[in-house]
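Student: Sequence:
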Amino acid sequence: MNAGEQLAIPSLFPDRIPAELQEFRQWIVWRLEESDGAKPTKVPYNAVSGALASVTNPATWCDFATAVAAATAPGSTYSGIGFVLTRGDPYSIIDLDDTKGDDDALRMQLRIHEAFDSYSERSPSRTGLHIVVRGAVPSGRRRGKAELYHSERYMTFTGDVFDAKPIADRQEALTQLWHEMGKGGAAALYDGNSPEREPDEIVLDRAMRAKNGTKVHALNVGNWQAYYQSQSEADFAFVDMLAWYTQNRAQIDRMFLASKLGERDKAQRSDYRNYMIDKSFDRMLPPLDFDTLTNAIRDRVEQAKRDAAEPHAPPPPLDDAGGEIEPPPGLLGDIARFIYSAAPRPVPDIAMAGAIGFLAGVVGRAYNVSGTGLNQYVLLLAPTGTGKEAIASGISRLVKSLTGMALPGFPPFAAFDTFRGPSDMASGQGLLKALSRRNPPSVYCIVGEFGLKFKQMADERAQQHDTSLLRALLDLYNKSGRDDTVGETVYSDKEKNTATIVAPAVSIIGESTPETFYSTLTEGMIANGLLPRFTIIEYNGPRPRRNPAAQYEQPNADLVERLGKLGALSLHENANNSVIQVATEPDAEAFLNEFDIYCDDQINGTGRTVTRELWNRAHIKALKLSGLIAVGVDPYAPRITLEFAKWARQQVERDVRRLLARFESGEFGIVSRVTDHDKQTAFVLKKCLDWITKAYDELPKVKPPYPRGLHDAHIVPLMYLSRTCLCVSAFKNDSNATQALKRAIQNLADEGTLRRLTPVELLPFQFNGEAYAITNAGAI
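Okay, so the sequence shown: first residue is 1 according to full-length UniProt numbering, each after it adds one.
These are computed hints drawn from the structure, not numbers from a lab.
Mixed in with the good hints, there may be bad ones.
The calculated SDA-like cross-link candidates involving lysine to any residue, where the alpha carbons are at most 20 Å apart (straight line), are [as the list claims (entries may be wrong)]: (1) K455 with F162; (2) K646 with A250; (3) K686 with K646; (4) K433 with A527; (5) K145 with D97; (6) K455 with T516; (7) K260 with M208; (8) K260 with Y275; (9) K266 with D240; (10) K266 with G213; (11) K100 with K165; (12) K100 with P138; (13) K165 with A218; (14) K100 with G75; (15) K260 with A250; (16) K694 with L718; (17) K100 with T86; (18) K694 with T56; (19) K686 with K455; (20) K686 with H711; (21) K646 with K687; (22) K145 with T41; (23) K100 with T56; (24) K279 with E180; (25) K703 with R662; (26) K687 with R662; (27) K400 with S370; (28) K703 with L718; (29) K433 with L402; (30) K732 with K433; (31) K703 with N616; (32) K100 with S125; (33) K455 with K433; (34) K260 with S194; (35) K42 with E20; (36) K565 with T693; (37) K42 with L110.
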């Protein structure tokens, strides 16, 4: 006999379901089927194929009429129809479950129904109510007997109307309800009325096998003098210990009286014993508010899904060397190839970093895309001895070959070196003063050991010259467009004054080693907005073999002529304060717009400053980089093609993902706090978040495996934290890593984020180890 015949099929009144819902092709059928749970499950099916339906696969949905026909056909085994909620439709549904006599829950549901005042119908069991409204919420939530959903969920529809009103617009009320359902706080303190789960002798045995079991045994037999100055103190301590293993008042009272401590006259007084038990429960943290915790966890899981969702396939995984960069077409790629061939120890990534910064310095002011110039901030990270000096030497050879040359049809210019900017940036005033004297103010700057410069500018105790440089670099990045200016500056020392600078285009080629950069990197260095403006190119491979022919390498005539013409054209545009606009082909524009939306989703899907800041500049960096390629292909009528856009996006996206992965790994400053202890605490919290948001199969594989029951209940075992935390440098570099982990956990407990569960709470999981629950949902 099939499930449809075993279980009652609810009534269906399709004509009463709002007509506007019937217009959507988001309908499925469902069947009530027995499961391993306490009650049958509503399993969704495709009304056409009969296969299982998915709330994320539109191919498994159908139109309203087809769903109704399948559910009502003679001999149908389906129990009813359902509507799949998506972010593409305007609806949210509030599901009010059977209160089962809970007056407080009933009053809450009545208030919700009155507040939303919209179409509502009875659930298939006729014990619940579904309210349909227009409006959106970030994620689904459940609190008590109420649930709220907007997407990736299907809701049953019966047409068994409770309130035949039109579907109302209720965005404001939805937002308020969503926030109310997510608020934390436990409903009540322990009252000592938990059921007895084990006999007295088992509870006592468990207590005496614990770490403080010797003390428990001593107090039980009346040997308190070695631990306390008075027997009353011992009485209180023993009651506290018993309350850790059972929250049943009668059992605690009975076990205390059965001990030697309970034999004296004072212990026979019920008021004395009740006072001790009350105090014991008063000192306990409140029980977990599982609904609130579940809401917070669901929000983070939804956020993780959004973070993982990509409109396009991600770039190929990077190898240990960071992944060599294939040069793009045109002049940009050719410059990179020359720097590579002229390098004593050639590395493609290093050559590419130099080519981007150099070409941007030449054309950054003369060309505009979407209202901004093409200047670039590039940071090269490569180990010592891998040939970073090839950038400066390769660019010098190019410039030397161009110095003093004259080209047919172009005015002669004395030196291509006019585009070289300062190599040292001591202060913002100094940089602006140097630019104000440039004509044109379009330069590339090769700056050594920029990692330390980053640290100095981001330090909370930064000197004035460092903070002024930070402000200047932040401002200059966005001021290379034709109509942009950096205003004049006036100081008491007139030597520092600068005039208004029109459309300055500053490109930076900074370099550092990964060790120096990442060992000093903190969240603050990203939060101030400067690092997200940089395109980071990282090489982590071996020291390359020496190139004996490097000293003889010279740019060929074709490269010299093309670069010379482009430089002359840029100088001409700069002198006339005019620009050449970079156009974008339709498919490339659509691709870049889609990337912009994707970046918005990453920003909106997280509250973390690092993630928001890194994705904030990703689109404009990809746009400017693709424009730079276009100029190198056709300086006179540059157009961004889909090929250029894809190359630029891949470079920018791998940059963002690499930095995010570094933060996730815990291998350097996770937060902008000062001490290593704070970094350790933050990393423990991050691993707690991983435990509750990742699928069980995504956790590190260990033997013996982690308890699956604890994972399903979002309870974090100490064994997991030990295995995942003690192996990272934040703990390995500590002289006592195990003690550091305990200290980090205690920090989270002291601030109310974690709570160690009692053995009684862990009994249902048959787990004898140490485990924690997140009690402050806002912390995750």
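Student: All the hints need checking, so say for each whether the structure fits it.
Tutor: Right, here's what the structure says about each hint:
no. : hint           : result
1   : K455 with F162 : violated (63 Å)
2   : K646 with A250 : violated (70 Å)
3   : K686 with K646 : violated (33 Å)
4   : K433 with A527 : violated (27 Å)
5   : K145 with D97  : holds (5 Å)
6   : K455 with T516 : holds (10 Å)
7   : K260 with M208 : holds (15 Å)
8   : K260 with Y275 : holds (19 Å)
9   : K266 with D240 : holds (18 Å)
10  : K266 with G213 : violated (25 Å)
11  : K100 with K165 : violated (27 Å)
12  : K100 with P138 : violated (29 Å)
13  : K165 with A218 : violated (70 Å)
14  : K100 with G75  : violated (34 Å)
15  : K260 with A250 : holds (18 Å)
16  : K694 with L718 : holds (17 Å)
17  : K100 with T86  : violated (31 Å)
18  : K694 with T56  : holds (19 Å)
19  : K686 with K455 : violated (24 Å)
20  : K686 with H711 : holds (15 Å)
21  : K646 with K687 : violated (34 Å)
22  : K145 with T41  : holds (18 Å)
23  : K100 with T56  : violated (33 Å)
24  : K279 with E180 : violated (32 Å)
25  : K703 with R662 : violated (27 Å)
26  : K687 with R662 : holds (14 Å)
27  : K400 with S370 : violated (33 Å)
28  : K703 with L718 : holds (15 Å)
29  : K433 with L402 : violated (27 Å)
30  : K732 with K433 : violated (47 Å)
31  : K703 with N616 : violated (41 Å)
32  : K100 with S125 : holds (13 Å)
33  : K455 with K433 : violated (23 Å)
34  : K260 with S194 : violated (25 Å)
35  : K42 with E20   : violated (24 Å)
36  : K565 with T693 : violated (56 Å)
37  : K42 with L110  : violated (26 Å)
When the structure is compared with the earlier hints, violations turn up for hints 1, 2, 3, 4, 10, 11, 12, 13, 14, 17, 19, 21, 23, 24, 25, 27, 29, 30, 31, 33, 34, 35, 36 and 37 and for no others.
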